[in-house]
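All chains, full assembly: derive it from the sequences and hints.
Chains as they are written, first to last, in the numbering used here: chain R, 2 to 345; chain E, 2 to 345.
Any given hint might turn out to be false.
All copies of an identical chain are treated as equivalent in the list; a pair is satisfied when it fits inside any one copy or across any two copies.
Listed next, the in silico DSS-like pairs over lysine-lysine satisfying Cα-Cα at most 25 Å (straight line) [as the list claims (entries may be wrong)]:
(1) 216 to 275
(2) 118 to 104
(3) 214 to 299
(4) 214 to 295
(5) 295 to 178
Source of the hints: derived by calculation from the structure; they are not laboratory data. None of the values given here were measured: they were computed from a predicted structure.
There are 2 protein chains.
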Amino acid sequence: MSKIFIDACFGKKTPYTPVWMMRQAGRYLPEYMKVREEAGDFLSLCHDPKRACEVTLQPVDILGVDAAILFSDILVVPNEMGMELDFVKGEGPVFAKPIRDEKALDGLLGGKEAARKLEYVYETIRLIKERLPDDKALIGFTGSPWTLATYMVEGQGSKSYSIVKKEVYANPEFMHKLLAKVTEVLKYYLEMQIEAGAEVVQIFDSWASALEKSKYFEFSWNYMKEIASYIKSKYPHIPIIMFPKGIAIYLDEIDGDFDVFGVDWSTPMAVAKKHLGDRYVLQGNMEPCRLYSKEATKECVTSIANTMKEGRHIFNLGHGILPDVPVENAKYFVKLCQEVSKRD
Amino acid sequence: MSKIFIDACFGKKTPYTPVWMMRQAGRYLPEYMKVREEAGDFLSLCHDPKRACEVTLQPVDILGVDAAILFSDILVVPNEMGMELDFVKGEGPVFAKPIRDEKALDGLLGGKEAARKLEYVYETIRLIKERLPDDKALIGFTGSPWTLATYMVEGQGSKSYSIVKKEVYANPEFMHKLLAKVTEVLKYYLEMQIEAGAEVVQIFDSWASALEKSKYFEFSWNYMKEIASYIKSKYPHIPIIMFPKGIAIYLDEIDGDFDVFGVDWSTPMAVAKKHLGDRYVLQGNMEPCRLYSKEATKECVTSIANTMKEGRHIFNLGHGILPDVPVENAKYFVKLCQEVSKRD
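Now the structure itself:
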């Protein structure tokens, strides 16, 4: 059976433009909160294939999105490479022992050995595929090497990223060694997700905007491209979505072997279309805070639909949905995207 | 006596391109830390004209920058409008009672009455002017209405700005009322700074990038422009610097009655030059983390000097200097900017 989401990723004509939302399996859903409480905490939920499967499927059932995205966290990778991970209330994820020298880096698991430790992710994918309706697609994902490296070096989220950027400018060889090691793990990680049943993969570069342009391509985009080329050469039928957040002004130099470019909300869709629309399908990009208002949602969806009326588009938010958004408004968004984009 | 910094703000030819650094009176200087400890805490230092004057002058003496910038904090304004302000260790500034409805907003002081309460700022300026060398300029400043409003509504710094942006989308009339009230105070605040002796003023829009393009112009830039027009009409000889951070992709719509556009580090200088270089003098924009390495500093200063070799430029960082930068590297940066830009 042909899936509208997969077709759209390859730029084929579809009856309407498919839609999903980043972080759609999340705290705004009471059903999610219930399962998460049962699991104990966030990381336990990531480690629990049955419950992770359940929350992955919730937005498909409740909202009618066209694709499910694996429920997991980007930081399970450094965690399984050997870094102890805690989610501290009010502070977010914390690695107690950040990686700041070659010795610490050499102590981490790499390659297939690290990727194999993420078996609970692959098991989650297999469970999801048993239950996901035939017309919906399953998206696997990973964080980008750079985004993972920021957490690995900083130890936690940061405003200035000054610890990891000090390495970028003062110790670039170390950073490249770290990024190369993470990149190798991520190639196998995505490959094993695909072997388990992921039908699309997205690479999230959440902290792309922490780097100035020249350093962005050197320390982040090139590694993302390397992963994309590896996956594309082995699995040409699997669409790849790249989502580097907050780099609208760098789009003139974006290239690589992938299918869909995820546009964040700070990048006007017309700008993305101008630079990338001929080469890539575009995904996005409603500002997530618009979901607080149906009127603001409608204004934006209509405008995006108009800009992308020739297709080659997947609707999404321009960043993750926020925890206090009314479910009713999320439903309204999904339905509206599917309706305004109907074509013969 | 003609001041090189003022001349450069008006695009006049100068013997070299002047330089200063955002947050140059700051924690990377041991001399600053000493005075701050004497004062007790950060807010006490802002309230103490003698000590605030002292730390304002330190980078002029120690680094040889071409302009001093008033030592203060953007949040003293909402503080004097009536919002209790604390600087909580590890969390930054916190307003215990954020403004989230019209009643709370109506309870705040406005206009000249609020601006007059900032007398300690004007006294600081008068003290600085007594001691500042004749060839150096004094920059006064304020936060933008939007940036102040984000703190006033959120109550503290935020990653998502979802509380204030909920108001933007779901309750825009309230936001405009708040922004208009803050704008009025800021007009008088800058005016009183100028009357006290400020020779240049900069408006910092630190959270500009929290807004998507259409909302940015409606909720932030238009209010900044209103302040600039007010000041320009009364004090045409006072240069105005606008610094909206992180909106490189919005530059095609920037206009207004000001003199210098502050370019943040994420905006390639060539992009800023293309959009704004004919109309405005450009200030900036070295990525502050480059100060961790002299080599990375030199590469960037040389590149900016080359892009801006026809002048109409003021050297600066593209954001504030970080607390753990070696003073030696900051000195190197200042000297290098002045040397590479020497002209006959």
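We went through each hint and held it up to the structure:
1. 216 to 275: both (24 Å within a copy, 21 Å between copies)
2. 118 to 104: Only inside one copy: residue 118 and residue 104 sit 22 Å apart there, 56 Å across copies, limit 25 Å.
3. 214 to 299: between (34 Å within a copy, 17 Å between copies)
4. 214 to 295: Between copies, since 19 Å is at most 25 Å while 36 Å is not.
5. 295 to 178: Between. Shortest inter-copy distance 22 Å satisfies the 25 Å Cα cut-off; intra-copy 47 Å does not.
Going through the hint list in order, the structure satisfies each hint without exception.
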